[in-house]
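There are 6 protein chains.
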Amino acid sequence: MLSMQEKAAVMIEMLPYIQKFVGKTAVIKYGGNAMINNDFKRSVIQDIVLMKFIGIRPVVVHGGGPEITALLKQFGKESTFVSGLRVTDAETVAAAEMVLVGKINTEIVSLINRQGAKAVGLNGKDANLLVAAKHLAQVHEEGLIKSVDIGFVGDVVKVNPDIIWTLLDQGYIPVIAPIGGGADGESYNINADYVAAEIAAALQAEKLLLLTDVEGIYRDCGDKDSFISTLSFTEAQRMIKDGRIEGGMVPKVEACIRALAGGAVKAHIIDGRQPHSLLLEIFTDSGIGTEVVKGGQ
Amino acid sequence: MLSMQEKAAVMIEMLPYIQKFVGKTAVIKYGGNAMINNDFKRSVIQDIVLMKFIGIRPVVVHGGGPEITALLKQFGKESTFVSGLRVTDAETVAAAEMVLVGKINTEIVSLINRQGAKAVGLNGKDANLLVAAKHLAQVHEEGLIKSVDIGFVGDVVKVNPDIIWTLLDQGYIPVIAPIGGGADGESYNINADYVAAEIAAALQAEKLLLLTDVEGIYRDCGDKDSFISTLSFTEAQRMIKDGRIEGGMVPKVEACIRALAGGAVKAHIIDGRQPHSLLLEIFTDSGIGTEVVKGGQ
Amino acid sequence: MLSMQEKAAVMIEMLPYIQKFVGKTAVIKYGGNAMINNDFKRSVIQDIVLMKFIGIRPVVVHGGGPEITALLKQFGKESTFVSGLRVTDAETVAAAEMVLVGKINTEIVSLINRQGAKAVGLNGKDANLLVAAKHLAQVHEEGLIKSVDIGFVGDVVKVNPDIIWTLLDQGYIPVIAPIGGGADGESYNINADYVAAEIAAALQAEKLLLLTDVEGIYRDCGDKDSFISTLSFTEAQRMIKDGRIEGGMVPKVEACIRALAGGAVKAHIIDGRQPHSLLLEIFTDSGIGTEVVKGGQ
Amino acid sequence: MLSMQEKAAVMIEMLPYIQKFVGKTAVIKYGGNAMINNDFKRSVIQDIVLMKFIGIRPVVVHGGGPEITALLKQFGKESTFVSGLRVTDAETVAAAEMVLVGKINTEIVSLINRQGAKAVGLNGKDANLLVAAKHLAQVHEEGLIKSVDIGFVGDVVKVNPDIIWTLLDQGYIPVIAPIGGGADGESYNINADYVAAEIAAALQAEKLLLLTDVEGIYRDCGDKDSFISTLSFTEAQRMIKDGRIEGGMVPKVEACIRALAGGAVKAHIIDGRQPHSLLLEIFTDSGIGTEVVKGGQ
Amino acid sequence: MLSMQEKAAVMIEMLPYIQKFVGKTAVIKYGGNAMINNDFKRSVIQDIVLMKFIGIRPVVVHGGGPEITALLKQFGKESTFVSGLRVTDAETVAAAEMVLVGKINTEIVSLINRQGAKAVGLNGKDANLLVAAKHLAQVHEEGLIKSVDIGFVGDVVKVNPDIIWTLLDQGYIPVIAPIGGGADGESYNINADYVAAEIAAALQAEKLLLLTDVEGIYRDCGDKDSFISTLSFTEAQRMIKDGRIEGGMVPKVEACIRALAGGAVKAHIIDGRQPHSLLLEIFTDSGIGTEVVKGGQ
Amino acid sequence: MLSMQEKAAVMIEMLPYIQKFVGKTAVIKYGGNAMINNDFKRSVIQDIVLMKFIGIRPVVVHGGGPEITALLKQFGKESTFVSGLRVTDAETVAAAEMVLVGKINTEIVSLINRQGAKAVGLNGKDANLLVAAKHLAQVHEEGLIKSVDIGFVGDVVKVNPDIIWTLLDQGYIPVIAPIGGGADGESYNINADYVAAEIAAALQAEKLLLLTDVEGIYRDCGDKDSFISTLSFTEAQRMIKDGRIEGGMVPKVEACIRALAGGAVKAHIIDGRQPHSLLLEIFTDSGIGTEVVKGGQ
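Protein chains in written order, with the numbering used here: chain R, 1 to 297; chain U, 1 to 297; chain D, 1 to 297; chain W, 1 to 297; chain Z, 1 to 297; chain H, 1 to 297.
Hints in this document: simulated from the structure, not taken from any laboratory.
None of the values given here were measured: they were computed from a predicted structure.
Careful: at least some of the hints might be erroneous.
Said to hold, decoys possible - Computed cross-link-like contacts, DSSO-like style, restricted to lysine-lysine with a CA-CA straight-line distance of at most 30 Å:
1. D:Lys20 / U:Lys41
2. W:Lys20 / D:Lys158
3. H:Lys77 / W:Lys20
4. R:Lys158 / D:Lys158
5. D:Lys266 / D:Lys294
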């Protein structure tokens with residue numbers, strides 16, 4: 001058990017970070033194992049609520065891929081993927097919307113409320129928060145790049161953040177499902193990392209915090225000692241171009257780049273499997289993930 | 001085609017009602033055929049948006065029974081009913097929540113937004129709007145009334161209307177799915193008429209407007225001439241007690257009674273199949289449905 | 001009698017106009033027969049009050065020529081006119097001020113209040129609303145244009161609209177008599193069309209609505225089929241220059257031009273003898289008068 | 001010429017009164033010779049403006065008897081009086097309204113504005129400020145008191161002071177003509193002392209200041225040494241009852257009594273012929289008129 | 001060094017206390033060794049600043065006995081004491097005021113500001129914060145209790161907390177020297193524990209935190225195991241009456257009783273020599289001092 | 001004794017000045033004999049309070065040289081001076097701080113409060129109001145100018161006026177002791193004239209009023225008739241450069257120049273020995289001191 005003086009030391013270590021971040025907005029992308037494992041889930045929700053009580057203004061964006069797959073399976077529907085993106089017909093996007101908005105979102109809202117904060121669920125249709133348009137998948141075929149229509153997968157065309165400001169100013173925690181509304185009222189499923197990035201940009205957020213299932217970024221994938229604590233905007237762009245960032249990490253780093261380019265102050269890739277990783281990244285001197293910062297050369 | 005003077009006459013007829021209702025809150029229960037038929041749907045949405053533009057503050061509560069049944073069927077699940085209430089196991093309430101919150105609610109929000117107003121979807125978990133507890137069905141068995149546990153069907157225990165005020169004050173139209181949150185975070189499906197009544201009471205609303213599939217209330221069911229335009233609170237209670245109101249009309253009249261008892265000013269039962277019935281009830285001298293008013297003897 | 005569906009159609013036709021004009025300011029010049037005939041009077045007042053209840057912010061400017069003449073006659077005083085302008089000595093302007101401020105203005109205020117809105121009478125001296133200077137009449141004499149001093153007829157030198165904003169923000173309808181105050185405290189009688197135009201410009205009003213005794217503007221005076229629904233700013237200027245607009249219509253079209261040049265959005269010349277012409281011009285698709293809009297070539 | 005130290009002494013004498021009255025409301029009845037003589041007029045206006053600049057909130061109510069008589073004479077109309085009240089037919093009240101609202105009121109507003117403050121003219125119809133009903137004259141006939149209908153002479157039935165608060169809060173000086181509006185929109189001429197008293201009561205004013213043509217009240221009319229500086233509410237009532245106050249002073253003392261009974265703090269009867277009597281009464285230790293205070297026995 | 005999970009555990013332990021105390025006011029009496037030892041001083045200041053950053057509203061009251069004595073010695077003046085209270089002539093109170101206001105207060109203000117918060121120094125004369133009257137010492141003489149005049153030692157007669165609210169609402173930390181102002185402008189030195197208690201009562205503070213040189217209260221002075229974590233109001237009164245609390249602890253417990261009686265929620269006696277005792281008392285489950293709570297029997 | 005009309009004349013003379021200065025900020029440097037002589041003191045305090053009651057917003061900066069010297073003498077410490085500036089070691093600045101903040105400041109605050117206004121004492125450390133750095137004395141030695149370290153004598157490096165605005169907006173009179181805080185928390189004694197000038201500049205004050213022990217500035221020191229009522233900025237600079245202003249008047253005129261250059265509107269040098277000189281300078285046509293105004297050539 002910790003001594004009183006050890007406890008005090010932790011509190012004092014938090015002091016400059018509290019001073020720096022009180023009143024600021026932090027967008028948290030909540031996904032991956034941190035949404036499935038019950039202990040991780042509890043830890044993330046506690047972190048969000050503690051941030052809120054201390055005076056930071058959290059905005060949560062969540063994903064939900066595995067649960068969409070599960071519902072489609074219940075409907076006896078198999079998904080196909082193009083360039084890693086699910087081909088999304090009308091039935092599929094309706095299932096995605098039901099799961100994201102009517103199941104995952106309401107559950108997160110409920111968990112936050114039970115910890116004593118007040119959350120309100122949103123999706124991109126509420127107050128036209130996320131205006132979407134069809135995303136075309138890029139396929140490499142015979143040496144060419146072709147655009148392929150994969151249905152109701154969307155890009156964010158515009159963010160109308162007024163409803164978020166209204167809720168933040170009244171002390172609520174907005175929890176956002178990554179569904180966008182098209183010009184004719186149709187629904188689009190959008191990658192949650194990108195939604196979080198666009199919202200962080202629209203809010204000029206102090207932080208974008210992406211919870212992932214990895215520790216962060218390594219300069220050399222095979223070398224545990226090559227962990228990168230701080231990555232510059234320029235270097236992040238170069239690493240993607242050079243193929244040094246691969247697979248599932250690409251959209252995450254792209255989201256960080258997009259958020260910073262759009263006006264967010266800092267972006268973090270954090271291991272959601274480590275208990276209380278949000279608090280530790282924000283309130284300790286060393287931090288625990290990879291942060292992407294403006295500038296670089 | 002109408003002459004200019006006929007048009008002017010309609011506008012002038014509206015004058016005293018606009019004067020009376022501007023700035024007031026009206027809770028609209030949107031359900032039945034008005035949610036299924038596309039023409040009715042368009043007409044109801046236009047009415048809500050016109051009310052909003054004129055300066056009334058609409059709050060929409062919607063139902064969704066048929067679509068819940070349809071989804072359960074897709075899951076290969078048959079519903080059983082006790083005293084007209086669906087027996088609702090965990091899987092059933094999860095399906096109800098997905099349909100109500102993730103399909104019907106988002107669609108209504110989207111339709112309103114496309115007419116130029118700004119809607120925001122809510123359910124009872126958002127900011128703890130509707131605190132629910134298990135509803136026990138009343139079954140008549142061998143001359144006795146027995147309470148039967150039919151699962152996650154809920155009663156409204158408490159309304160926390162702050163989030164509604166926040167949205168109304170910022171010019172949004174709240175659209176509410178009738179899902180309540182229990183003490184342990186579980187979901188309850190609640191009758192939408194009752195939800196609308198409880199919210200009308202909590203807001204001390206000027207009006208509760210229940211859209212139904214009938215013209216209103218008749219003193220004598222077989223006699224078209226016995227239509228009741230205005231029914232007093234006391235007489236409404238007596239008609240229910242005397243069994244003169246039956247079947248699906250009972251919960252609607254009970255909802256009117258509950259709303260008035262809790263502080264709403266007036267309640268209306270309106271035929272949702274008649275185009276623009278909301279506007280006509282509010283803004284014409286004759287009105288078109290049955291209104292339930294305080295008092296009586 | 002209209003059917004319910006016909007009534008609903010009128011209301012739905014109003015929808016886009018309400019959406020567009022709620023919260024906007026409309027300056028109404030009230031004069032001519034609409035001030036004398038009791039039915040017209042009632043109709044105009046109802047229109048103003050309906051506009052107010054719907055959420056438009058009306059500002060009324062009134063004239064009063066015939067009543068000034070009548071009072072002067074009572075005093076045994078004959079008016080002479082130069083270029084259509086009354087020669088206005090000290091006694092005449094005092095009579096004009098008494099009639100405009102102490103009779104016509106108080107009557108309009110009273111009529112509006114009795115319809116349930118709250119009006120407050122103003123004249124140009126209140127809070128220095130209209131700073132005036134002597135207007136010199138232009139007389140054509142022997143091929144030359146000469147300026148002639150015709151006494152206390154004024155031009156608007158400056159508008160101080162603060163008092164109007166104060167009243168509008170508190171929900172009052174300002175009713176303004178066209179009397180201006182000179183540098184030494186003397187009173188000036190000012191053409192009410194011009195006063196309305198200057199106020200519309202100072203308020204950057206959405207609309208200037210001039211009630212007249214004609215239907216609107218015709219391209220060819222003798223041809224009923226040449227009625228102009230929409231006239232561009234540039235064409236209006238050209239028609240005046242070319243003499244295609246004549247007589248009493250000149251100051252009205254000049255007022256429209258002045259209002260648009262000063263920042264008002266649109267100006268309308270409307271037949272005050274047609275019942276509810278204000279409502280019909282604002283809230284129907286076809287409108288009924290001539291509107292003057294920015295631009296043109 | 002005064003020495004610097006004498007000037008400083010005057011300022012320091014003002015100190016406690018400024019401290020006491022800043023932010024408070026003072027209702028000034030402006031009438032009598034102070035409205036006719038140009039020097040008196042200038043002095044009163046300066047006093048009102050100084051009060052305003054120092055931070056007191058003046059509300060001006062004015063009379064206008066002599067000018068009404070003059071206009072009626074121009075119309076060739078002779079006035080008759082019952083119990084000192086002018087018999088007021090429709091033509092007479094119209095003339096009174098024109099003179100009070102369209103001549104005297106606008107002149108006072110203009111004079112105040114030219115001293116650098118901002119005045120706004122009101123009459124009882126503006127925003128329903130003064131709701132009036134017919135006043136019946138009391139006539140002693142054959143030992144009986146009979147009520148006589150003398151036309152459009154009114155009593156104040158209700159004060160709606162909102163428009164006064166709106167103007168005061170925005171820094172304007174309201175200047176009020178004693179015309180009230182009846183239930184059917186008709187005009188009533190009301191005694192200005194009573195209007196001032198009713199308004200002082202409605203505003204819970206700190207002071208009612210009645211400018212008169214006498215020095216104040218004497219205990220013994222013939223004895224200059226019996227001047228009363230301070231009179232209690234109770235004694236004022238007794239003196240009227242005992243007939244020790246007579247003639248034109250009766251309505252003034254009654255107005256003081258009415259104001260105090262309705263919630264005003266203090267009432268003053270001041271000689272409007274003495275230059276700057278308002279300032280001297282308020283800001284000097286001795287004062288110069290008769291003050292009526294609550295209490296007494 | 002602590003592991004990341006140990007750090008996270010401390011933060012999570014803080015969660016319920018932050019939730020409870022954010023936005024609440026805490027009055028801290030800063031005195032004793034915590035004012036002399038530089039490490040203690042740094043620790044207390046950090047604690048106050050962390051409380052502030054987290055959202056608690058701290059108000060600091062300080063003492064200064066030893067430094068007053070030191071200055072008097074510099075003046076060649078020896079202090080005498082009656083019943084533990086310094087006999088305070090005019091020169092002594094002037095010295096006390098100079099030291100408290102011009103030395104200790106400015107130093108605390110400066111230390112807080114250098115940690116990134118914004119402090120403003122006050123004493124009881126500022127905005128009449130502490131109205132004081134002469135305190136009479138109670139002396140036991142020949143079996144009787146006699147009141148003795150010991151000069152400018154004061155009691156708090158009235159607290160005018162407006163200036164504290166003004167500063168708190170603007171985000172400042174008020175730092176208060178225990179000097180009160182008498183009716184004739186004279187200065188009084190007041191016991192800082194009592195000042196803190198009176199201010200906690202006037203502010204209806206959530207907490208009164210008294211920093212002392214002892215660990216807290218023991219039920220049995222000789223027995224380290226008899227430490228009292230929570231003491232009820234009633235028991236605290238009884239212990240003083242029974243003489244079970246003695247010496248310097250008496251005024252501290254009396255201050256706690258006074259604060260609770262006046263409306264403060266809880267009072268704490270804390271060891272100022274233990275680093276970060278303020279944080280540990282507030283933000284840990286066990287706490288470290290003795291808290292006095294309402295109620296008891 | 002003055003007649004009523006003479007009193008009224010004084011009040012009317014004040015009118016334009018009240019109109020001009022209400023709501024404006026005036027920084028008063030209070031020093032010299034006006035701080036020592038009890039009659040002068042009373043007069044200055046009354047003037048400040050009257051200004052406040054009339055609606056001007058006074059900010060007081062005070063000096064205190066003689067009392068610092070007196071305390072140092074009590075400590076048996078002799079002061080040495082370089083170029084007229086006291087050599088200020090740590091003990092000296094501590095004494096200065098105690099006297100200025102803990103004696104003179106609290107006394108002025110107390111005197112103002114007893115006149116019915118509400119004063120709050122500040123020094124440069126409060127909310128970092130005055131950030132200071134070491135001032136180096138300029139010594140002429142062998143034809144060269146050398147900078148000499150004279151200890152804790154400071155220059156104002158930065159003014160953070162937020163705390164002054166907070167107090168003014170809540171109706172308090174800030175009273176400021178000329179102590180500044182250095183980067184490491186050390187105290188600096190700063191010339192009060194310069195402090196007043198810097199604060200007048202930071203507040204963009206309407207007036208800087210320097211109370212002195214002379215009547216004002218003479219063009220020719222020996223000639224009483226050469227008194228300067230108004231001095232331009234440019235001429236003031238030239239007179240200093242030309243050596244026509246000498247001795248103690250130099251820092252005062254430099255303070256005026258600094259205040260105007262920094263944005264204050266006007267600066268006044270006033271004889272604090274003349275009773276009510278502040279009022280007379282502000283509220284009479286002639287004024288009594290020397291004013292320094294922008295411009296000149």
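Restraint status (C-alpha distance of Lys77 (chain H) to Lys20 (chain W) at most 30 Å): violated (49 Å)
Sort out whether Lys158 (chain D) lies within 30 Å of Lys20 (chain W), counting only the CA atoms. Violated: Lys20 (chain W) and Lys158 (chain D) sit about 39 Å apart, past 30 Å.
Pairwise hint evaluation, Lys41 (chain U) against Lys20 (chain D), where the allowed Cα distance is 30 Å at most: Holds. Lys20 (chain D) to Lys41 (chain U) sits at ~23 Å (cutoff 30 Å).
Given the proposed pairing of Lys158 (chain R) with Lys158 (chain D), does the C-alpha separation stay at or below 30 Å? Violated - the C-alpha atoms of Lys158 (chain D) and Lys158 (chain R) are around 44 Å apart, more than 30 Å.
Agreement of Lys266 (chain D) and Lys294 (chain D) with the hint, judged by alpha carbon distance not exceeding 30 Å: holds (7 Å)
Checked against the numbered hints given earlier, the structure breaks hints 2, 3 and 4 and satisfies all the rest.
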